[in-house]
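Below are the chains, spelled out letter by letter.
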Amino acid sequence: MTVLLRASNVQKYFPVGRQMLGRASGGRSSGPRVRAVDDVSIEVRTGETLGLVGESGCGKSTLGRCLVRLHTLTSGSVSFEGHDISGLSRRELRPLRREMQMVFQDPYASLNPRKRVGTIIAGPLRIHRQGNRTQVRDRVAELLELVGLSPEHVNRYPHEFSGGQRQRIGVARALALRPKLIIADEPVSALDVSIRAQVINLFDDLQDELGLTYIFIAHDLGVVRHVSDRIAVMYLGKIVEIAPAEDLLARPVHPYTEALLSAVPVPDPELSARREQIVLEGDVPSPVEPPAGCRFAPRCRYATEICAAEEPPLVPHRGPGHLAACHHPLGPPQMTTA
Amino acid sequence: MGEPLLEVRDLHVTFHTEDGVVRAVNGVSFDVSEGETLGIVGESGSGKSVTMMSVMRLILDPNAQFTGEVIYKGRDLMKLSKRTIREVRGAEIAMIFQDPMTSLNPVYRVGWQIAEQIRAHEQVSAHAARVRAIELLASVGIPNPEQRVDDYPHQFSGGMRQRVMIALALSCSPSLLIADEPTTALDVTIQAQILRLIKKLREEFGSAIVLITHDMGVVADVADRVAVMYAGRLVEQGTKHEIFNDPQHPYTWGLLGSIARLDGPRPRRLATIPGTPPSLLSLPDGCAFAQRCACRFERCFTELPPLLSRDTLLSRDPMPNGHLDACHLTSAEKRAHRAASLAKERT
Numbered sequence: 001m002t003v004l005l006r007a008s009n010v011q012k013y014f015p016v017g018r019q020m021l022g023r024a025s026g027g028r029s030s031g032p033r034v035r036a037v038d039d040v041s042i043e044v045r046t047g048e049t050l051g052l053v054g055e056s057g058c059g060k061s062t063l064g065r066c067l068v069r070l071h072t073l074t075s076g077s078v079s080f081e082g083h084d085i086s087g088l089s090r091r092e093l094r095p096l097r098r099e100m101q102m103v104f105q106d107p108y109a110s111l112n113p114r115k116r117v118g119t120i121i122a123g124p125l126r127i128h129r130q131g132n133r134t135q136v137r138d139r140v141a142e143l144l145e146l147v148g149l150s151p152e153h154v155n156r157y158p159h160e161f162s163g164g165q166r167q168r169i170g171v172a173r174a175l176a177l178r179p180k181l182i183i184a185d186e187p188v189s190a191l192d193v194s195i196r197a198q199v200i201n202l203f204d205d206l207q208d209e210l211g212l213t214y215i216f217i218a219h220d221l222g223v224v225r226h227v228s229d230r231i232a233v234m235y236l237g238k239i240v241e242i243a244p245a246e247d248l249l250a251r252p253v254h255p256y257t258e259a260l261l262s263a264v265p266v267p268d269p270e271l272s273a274r275r276e277q278i279v280l281e282g283d284v285p286s287p288v289e290p291p292a293g294c295r296f297a298p299r300c301r302y303a304t305e306i307c308a309a310e311e312p313p314l315v316p317h318r319g320p321g322h323l324a325a326c327h328h329p330l331g332p333p334q335m336t337t338a
Numbered sequence: 001m002g003e004p005l006l007e008v009r010d011l012h013v014t015f016h017t018e019d020g021v022v023r024a025v026n027g028v029s030f031d032v033s034e035g036e037t038l039g040i041v042g043e044s045g046s047g048k049s050v051t052m053m054s055v056m057r058l059i060l061d062p063n064a065q066f067t068g069e070v071i072y073k074g075r076d077l078m079k080l081s082k083r084t085i086r087e088v089r090g091a092e093i094a095m096i097f098q099d100p101m102t103s104l105n106p107v108y109r110v111g112w113q114i115a116e117q118i119r120a121h122e123q124v125s126a127h128a129a130r131v132r133a134i135e136l137l138a139s140v141g142i143p144n145p146e147q148r149v150d151d152y153p154h155q156f157s158g159g160m161r162q163r164v165m166i167a168l169a170l171s172c173s174p175s176l177l178i179a180d181e182p183t184t185a186l187d188v189t190i191q192a193q194i195l196r197l198i199k200k201l202r203e204e205f206g207s208a209i210v211l212i213t214h215d216m217g218v219v220a221d222v223a224d225r226v227a228v229m230y231a232g233r234l235v236e237q238g239t240k241h242e243i244f245n246d247p248q249h250p251y252t253w254g255l256l257g258s259i260a261r262l263d264g265p266r267p268r269r270l271a272t273i274p275g276t277p278p279s280l281l282s283l284p285d286g287c288a289f290a291q292r293c294a295c296r297f298e299r300c301f302t303e304l305p306p307l308l309s310r311d312t313l314l315s316r317d318p319m320p321n322g323h324l325d326a327c328h329l330t331s332a333e334k335r336a337h338r339a340a341s342l343a344k345e346r347t
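Chains as they are written, first to last, in the numbering used here: chain Z, 1 to 338; chain W, 1 to 347.
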């Protein structure tokens, strides 16, 4: 499989406190900074779905935005189809925007309430000067049908649709320019379960039909497991483990992954009563001053001195496709949710 | 389980709006026994929060209309004066809300807020109330309660804030605790902490709990009994094991099938419920789920199915807390449809 997108040592720091206001420091000042994404390297292969999971504040959304250059990187590089895009200007980026599109979490906030659905979906086509008026109209109708809405809906406003339908409109807009890569940032977390399943299946179908590559960001491990080929787990700005989806679930290597999996409540009373749950103590530390060494060490039940002293590298465990950053990788599975 | 602590009978809640009458709750009846945990599940707009807010008489909207009975320890809460209901609220029935940031007052110290509630219901000195507040903060697992008691809500993390809310709710040792999506705003690892805390406190305080949630996983973990709501009505209720292992209503099947789960093999496609819930402005005459139901037939569109026990045919007097469901299908038909839908999910 070819690599569509490659990120190398990506860092994204945000200034905090007083320096945030006043003169723009561009993240280069020496004051306190939130290390939202800290030295992340990752590959996205053509046609796959890469799931990005982690708790709030772990940097998964920031990483997603860095990968499509919605953020300027503090350091590191991102290349798309072999071309380095990390230094491009806004203007230089514009043709690339056709190749990579985003679907956002909140279908209420990401659609302009004053524009008709047809105008919203045609937006990318107009900006990139794709086709004349009739061609745009036909394409919008085609897109509406593709995402399971009726072409007659073209003149309605977003408020006339339910949450699930609105998310379909967001997807149609993202697909308008026939992109290769879609970054979906929590696309179903605002939806009810029964509607959520419909939208997840839509993502699946569109991938089969159009050969899309997805980066699917979510905090719901069940959803990520369902859509992803590979899953990357983030903690405090770092990728702590990345592996093929079923492998990660059945044989987690990193203690954080193990704890995260065990914290998800299972909709099965017998299993829920039987299984041993690992409850992590405390909260995620501040990303302004992350712990030295392994960032998970203060909450980790396997931590020893080396964990606080030395940062573990992300290296293969149990085969080349399964990477984890841990000094005390977990052995063969004793207990998992499966 | 013990005696019924709370009996809700034929509760209706309507809101008069510019667009018409929103029928949020349509004839809901259920019991909560002493010491038990009832999970109420349903999607947004199913009426689960409005039901429990009405029980607490917390809906102050002048356009809201209520009918039905809410019997708590022999008294009908719907008939109490504003003054008397305030004595019940907080002391007898307490509530935990979804978002701990908006439900704590940001300009008062948390200890003050807990002490205020204690002193509203009991004749104790300010000092004694403060000591109780510290004990409560300790019992919900907040480190250094002697110092944290003087902190403001914004100085706590989301999980810690929810612990403060729980301490506040437990401050007068209520017999009934209503938790409305208490972990929805929290991350999974923090959710696991809070659910463990709720289970621990349930043993210690012995309160009955009504847990409102949309997460079937949370229900499977914490509840004893489960009530499933759809479009302002109960469609099924039973013990946790009955609901998960032998669900009777097609909506419950759909709800269980559409969860993307971590356990078990990964299905190629998720089962879905087609369409969207009906508008509460114009509910259909028959079963509200009929339009989305794969097993519907003519009667579903004309006649509202009552909430009945499957064993009603055997005994004329169904147990109020038995396994009830509101569906026109016969038991045999349900078994056949359920087997077919499970077979479909597996492919």
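If you are wondering where the hints come from, they were derived from the structure by calculation, not from laboratory data.
Since this is a predicted model, take the numbers as computed values, not measurements.
Don't take every hint at face value.
So these bits of chain W aren't anywhere near chain Z, every CB distance computed over 12 Å [stated by the list, open to error]: (1) E43; (2) R89; (3) A128; (4) I190; (5) K240; (6) R266; (7) P277; (8) A339.
Which residues of chain Z face chain W? A partial, calculated answer using Cβ under 8 Å [to be verified]: (9) M1; (10) V3; (11) P113; (12) S189; (13) D192; (14) G222; (15) H226; (16) L280.
Think of the CB as a built atom: it goes at the ideal place given N, C-alpha and C, for glycine as much as any other residue.
Going through the hints against the structure:
no.	hint	result
1	E43	violated, 4 Å
2	R89	holds, 30 Å
3	A128	holds, 31 Å
4	I190	violated, 7 Å
5	K240	violated, 5 Å
6	R266	violated, 6 Å
7	P277	violated, 8 Å
8	A339	holds, 19 Å
9	M1	violated, 20 Å
10	V3	violated, 25 Å
11	P113	violated, 18 Å
12	S189	violated, 10 Å
13	D192	holds, 4 Å
14	G222	holds, 4 Å
15	H226	holds, 4 Å
16	L280	holds, 5 Å
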